[in-house]
Amino acid sequence: MHRFQSCISRRRFLRSAGALAASTLAPRMLFASTGGPGRLVVVVLRGALDGLAAVPPHGDHDYADLHQELAIAAPGAADGALALDGFFGLHPSLSFLHERYLAKELVVLHAAASPYRERSHFDGQNVLENGLTRPIGTADGWLNRALAALPGSAHPLSERAVAISQNLPLILRGDAPVLAMSPAAAPDIDEDLLTRLAALYSKDPWFAARLREAVQGEALLDATPDMPSSRVSAGAAPTKAGLARGTDRMGSAARMAAALMRSAGGPEIAVIEAVGWDTHANQGASSGTLAQRLAGLDNGLRALAEGLGPLWRQTAVLVVTEFGRTAAVNGTRGTDHGTGGCAFLAGGAVRGGRVIADWPGLSRNALLDGRDLRPTLDLRSLFKAVLGEHLRIDGGSLASRVFPDSGGAHPLQGVVRA
Amino acid sequence: MVHAEIAVLRFGLGARPGELAAAAGDARAWLREQIRGPVPLAGTTPLAPSEQIFAEVMAARREKRELRRAADADPKGTENVLRDAYRPHYRAQVLARAQSAALTSRPFAERLVHFWANHFAISSDKGIIFGLAGTLENEAVRPHVNGRFLEMLRAVEQHPAMIAFLDNQASMGPDSAVALQAKRRSVRPDGPHREFGINENLAREILELHTLGVEGGYTQKDVTSFAEIITGWSIGDAGGRFAGGQTGRFFFRDNLHEPGAQTFLGKRYAGGRDQGEAVLQELARHPSTARFIATKLARHFVADEPPPAVVDRLARTYLASDGDLPAVYAALIDSGEAWEPEPRKFKTPEDLVFSTLRAFGTAPGKPEDVLRSFELLGQRQYTPGSPAGWPDVARAWDGSDALMHRILWASGVAERFDRGVDPLDLAASSLGGYARPETLAALRRAASGTQAVALLLMSPEFQRR
Numbered sequence: 001m002h003r004f005q006s007c008i009s010r011r012r013f014l015r016s017a018g019a020l021a022a023s024t025l026a027p028r029m030l031f032a033s034t035g036g037p038g039r040l041v042v043v044v045l046r047g048a049l050d051g052l053a054a055v056p057p058h059g060d061h062d063y064a065d066l067h068q069e070l071a072i073a074a075p076g077a078a079d080g081a082l083a084l085d086g087f088f089g090l091h092p093s094l095s096f097l098h099e100r101y102l103a104k105e106l107v108v109l110h111a112a113a114s115p116y117r118e119r120s121h122f123d124g125q126n127v128l129e130n131g132l133t134r135p136i137g138t139a140d141g142w143l144n145r146a147l148a149a150l151p152g153s154a155h156p157l158s159e160r161a162v163a164i165s166q167n168l169p170l171i172l173r174g175d176a177p178v179l180a181m182s183p184a185a186a187p188d189i190d191e192d193l194l195t196r197l198a199a200l201y202s203k204d205p206w207f208a209a210r211l212r213e214a215v216q217g218e219a220l221l222d223a224t225p226d227m228p229s230s231r232v233s234a235g236a237a238p239t240k241a242g243l244a245r246g247t248d249r250m251g252s253a254a255r256m257a258a259a260l261m262r263s264a265g266g267p268e269i270a271v272i273e274a275v276g277w278d279t280h281a282n283q284g285a286s287s288g289t290l291a292q293r294l295a296g297l298d299n300g301l302r303a304l305a306e307g308l309g310p311l312w313r314q315t316a317v318l319v320v321t322e323f324g325r326t327a328a329v330n331g332t333r334g335t336d337h338g339t340g341g342c343a344f345l346a347g348g349a350v351r352g353g354r355v356i357a358d359w360p361g362l363s364r365n366a367l368l369d370g371r372d373l374r375p376t377l378d379l380r381s382l383f384k385a386v387l388g389e390h391l392r393i394d395g396g397s398l399a400s401r402v403f404p405d406s407g408g409a410h411p412l413q414g415v416v417r418a
Numbered sequence: 001m002v003h004a005e006i007a008v009l010r011f012g013l014g015a016r017p018g019e020l021a022a023a024a025g026d027a028r029a030w031l032r033e034q035i036r037g038p039v040p041l042a043g044t045t046p047l048a049p050s051e052q053i054f055a056e057v058m059a060a061r062r063e064k065r066e067l068r069r070a071a072d073a074d075p076k077g078t079e080n081v082l083r084d085a086y087r088p089h090y091r092a093q094v095l096a097r098a099q100s101a102a103l104t105s106r107p108f109a110e111r112l113v114h115f116w117a118n119h120f121a122i123s124s125d126k127g128i129i130f131g132l133a134g135t136l137e138n139e140a141v142r143p144h145v146n147g148r149f150l151e152m153l154r155a156v157e158q159h160p161a162m163i164a165f166l167d168n169q170a171s172m173g174p175d176s177a178v179a180l181q182a183k184r185r186s187v188r189p190d191g192p193h194r195e196f197g198i199n200e201n202l203a204r205e206i207l208e209l210h211t212l213g214v215e216g217g218y219t220q221k222d223v224t225s226f227a228e229i230i231t232g233w234s235i236g237d238a239g240g241r242f243a244g245g246q247t248g249r250f251f252f253r254d255n256l257h258e259p260g261a262q263t264f265l266g267k268r269y270a271g272g273r274d275q276g277e278a279v280l281q282e283l284a285r286h287p288s289t290a291r292f293i294a295t296k297l298a299r300h301f302v303a304d305e306p307p308p309a310v311v312d313r314l315a316r317t318y319l320a321s322d323g324d325l326p327a328v329y330a331a332l333i334d335s336g337e338a339w340e341p342e343p344r345k346f347k348t349p350e351d352l353v354f355s356t357l358r359a360f361g362t363a364p365g366k367p368e369d370v371l372r373s374f375e376l377l378g379q380r381q382y383t384p385g386s387p388a389g390w391p392d393v394a395r396a397w398d399g400s401d402a403l404m405h406r407i408l409w410a411s412g413v414a415e416r417f418d419r420g421v422d423p424l425d426l427a428a429s430s431l432g433g434y435a436r437p438e439t440l441a442a443l444r445r446a447a448s449g450t451q452a453v454a455l456l457l458m459s460p461e462f463q464r465r
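The listed protein sequences correspond, in order, to chains A and B. Residue numbers for the first sequence follow the working numbering, so the first one is 1 and each next one is one higher. Residue numbers for the second sequence follow the working numbering, so the first one is 1 and each next one is one higher.
Calculated directly from the structure, the hints in this document are not laboratory data. There's no promise every hint is true.
As the list claims (entries may be wrong) - Quick list of simulated restraints, FRET-style, between CB atoms: (1) Phe-122/A - Gly-266/B: 21 to 27 Å; (2) Asp-322/B - Gly-59/A: 54 to 60 Å; (3) Lys-104/A - Gln-281/B: 58 to 64 Å; (4) Ser-202/A - Ala-278/B: 17 to 23 Å; (5) Ala-238/B - Pro-404/A: 43 to 49 Å; (6) Ala-78/A - Glu-66/B: 23 to 29 Å; (7) Asp-369/A - Gly-272/B: 24 to 30 Å.
To be verified - Here are a few chain A residues that face chain B, going by a calculated C-beta distance under 10 Å: (8) Asp-62; (9) Leu-170; (10) Ala-214; (11) Arg-371.
Fair warning: this is a prediction, and the values are worked out from it, not measured in the lab. Yeah, the Cβ is synthetic: ideal placement off N, Cα and C, and Gly gets one too.
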């Protein structure tokens, strides 16, 4: 009578998922990776990264005056920036990104922004992710709409994108099937319980669909031999200090994304989120709060590259945030919500070693509303270039479905290697 | 007959044994009785007040600085000084919150406490308030949840946890006494000059998240002038840069306040310490605030996409009653749309944990009993991560990975609780008429009592409210 109660490891359950698939759950088709198509990782930095600290324009003579104690000194000075092109530098915490720059695998973009011009985090993130010019108007994200236009699939029946998250972020929500998976401590599951839940949900399509996706996600994990010590240890007991800085989460999310993407039939696209950039007080400069966060981001990106291994050659990593922060320091050694900021495009597929910035300057007249870096690059121009050149989505789809009303945002040219 | 279920499961926090029967007579009256007077914590866990916690934190910071100065300091050891000061308070607050949710006989009022605490969300992943996060809910929300919105607004925005969370304690008027003095001192021909000025974080979030809403009709200029208006809203401290006031309590620092009149939303406000409170009054009676709050309440109790008729009704009641919250709650209770039998709200992890505790008629005895659940289900208490609070729509919680976590969690709960529980009795006392025939059939057919309990907790009708 106890035959249904045997608890088996999640992995063993996955191996037997075929039995479930035959009855109530859709099959997941696994194909070997062809190795050809471009891979994309989007890192969304929530909270508004200070672009003037991450990519200090030390060559601008107004910079040090405005950013004051938060300014990063020019390369060569004590605790100075890592050198880029003589005008811009990189924050000293970003050593991995700097290596990629020297290896011509990093494009640094500055004075960039989404079309959003107010200063609410939440609306700003909506615009960054929905691909429109306004925070409302659609419930799906541009990356999901891009999936529908993605050519030639190696594995047509399965999800081609994953969010490393328990719940889907807006950028990946929509009609195209996608996965949400997170590093979590979850060792055992009762196989029979899942079968019975599938039956219990048969009259409730909403629950039925989610259970189907969940089981497919488990199957993918099972097909991922190099998953770092499985999900169990990937998310187990991060230290409190690590949580506070967001470093552990970024690292384990990056390792999980890399392992999934390398697995046979794994997703080609991954979304990672990192929080903690809203530095209103005591932001710090070459050390301090923001420096720690940037180090966590940089380490996470290094873990991603190491995890991807040979796949790094085919990968582009897009690092974006909802908006920048004020050019001047506020009254509490931090910065308030601003407009223009920086973005990064890194990866073996990227034609890098360059800074792309139509620099508006930081003089009082140049600042937007007298306070913010004025944006001169629409982030959608970058997104379109990556989706077009790297993922080979046709320009018509990009201009109409993926980014409606984006006629003024012409795609950048030549961001990936030919 | 389904009225009691709606009152207890949707308006309340899930049924404790016998609760459906208690609400069965007149479900609306059962709800109305709950919306009078303050809503103190149910349960027995003693909690320290915010001023004591704040004083301990300040002492720990000083101790940490001294330890760091010592030549042979172990940096790990100094980290622990702060954590040891905060952590017992955080754990006690989480436990007290879960006990209160599990035990209260006023679950509608308790849900409203949670609603407002989330409306005025602070997040304890910001170091300085790690030990203070629950104090805002307990000290500023619970006393005022059944009062006028303005009173709660004032208590919240002047609570030390909110001021510290949104960085207002040292926000400085550019022409305030302290700023002028500091500027005079820092004038050296070749020395670095530092800006002295405002931090607009609290002002912006009050407008965007607490009152008018992002579409509420204000500009960047309004944000800036409001930030100057509330310069001086600070926290008392015995030592440090700005000594003065009672440690850990709201303290108006005249010498940080920007002097002079200000224009905000087209109106002039004379300078002085009453300037900020006058603006709060204006905000509390603003039609945008009425609409914003009405929308959030309707979303919480009716549907993710709230029916416009309910929003209009609640907003009108809010304005007509000058922000009298029980009047607004009563209008909600009287809205037919809130009594649709089909449950439309997908439970948040917090809802799921609390309703499960209530279903079993139990309460946690120690923090570990619930901390792990919230971590696994993705809603660590008091850490929404941003001042916007936890999202109140299903799509933020309904990821397939989240569902798998709920299944794993429910399995674990069932293993601990199955002894002596008849799953069919549990279904009757916790869901009443909400239990679907197919769920009851699945429970009867289950391979074990443990599995039946897991199926019950994971049934669509238990996962929604």
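Each hint tested on the structure:
Roughly 26 Å separates the CB atoms of Phe-122/A and Gly-266/B, a value that falls within the hinted 21 to 27 Å. About 57 Å separates the C-beta atoms of Asp-322/B and Gly-59/A, a value consistent with the hinted range of 54 to 60 Å. Hint check: Lys-104/A to Gln-281/B, Cβ distance near 60 Å, so the stated range 58 to 64 Å holds. One distance hint, 17 to 23 Å for the beta-carbon pair Ser-202/A and Ala-278/B, is violated here, with the actual separation near 59 Å.
Distance hint for Ala-238/B and Pro-404/A: a CB-CB separation of about 58 Å, inconsistent with the stated range 43 to 49 Å. Here the CB-CB span from Ala-78/A to Glu-66/B is close to 27 Å, well matched to the stated 23 to 29 Å. Against the hinted window of 24 to 30 Å, the Cβ-Cβ separation of Asp-369/A and Gly-272/B comes to about 28 Å, which satisfies the hint. Because the beta carbon of Asp-62/A sits about 13 Å from the nearest beta carbon in chain B, more than 10 Å, this interface hint is broken.
For Leu-170/A, the shortest C-beta to C-beta distance to chain B is roughly 9 Å, which falls under 10 Å, so the interface hint holds. Interface hint status for Ala-214/A: upheld, as the beta-carbon distance to the closest one in chain B is roughly 4 Å, under 10 Å. Checking Arg-371/A against chain B by beta carbon gives a least distance of about 8 Å; that is within 10 Å, so the hint holds.
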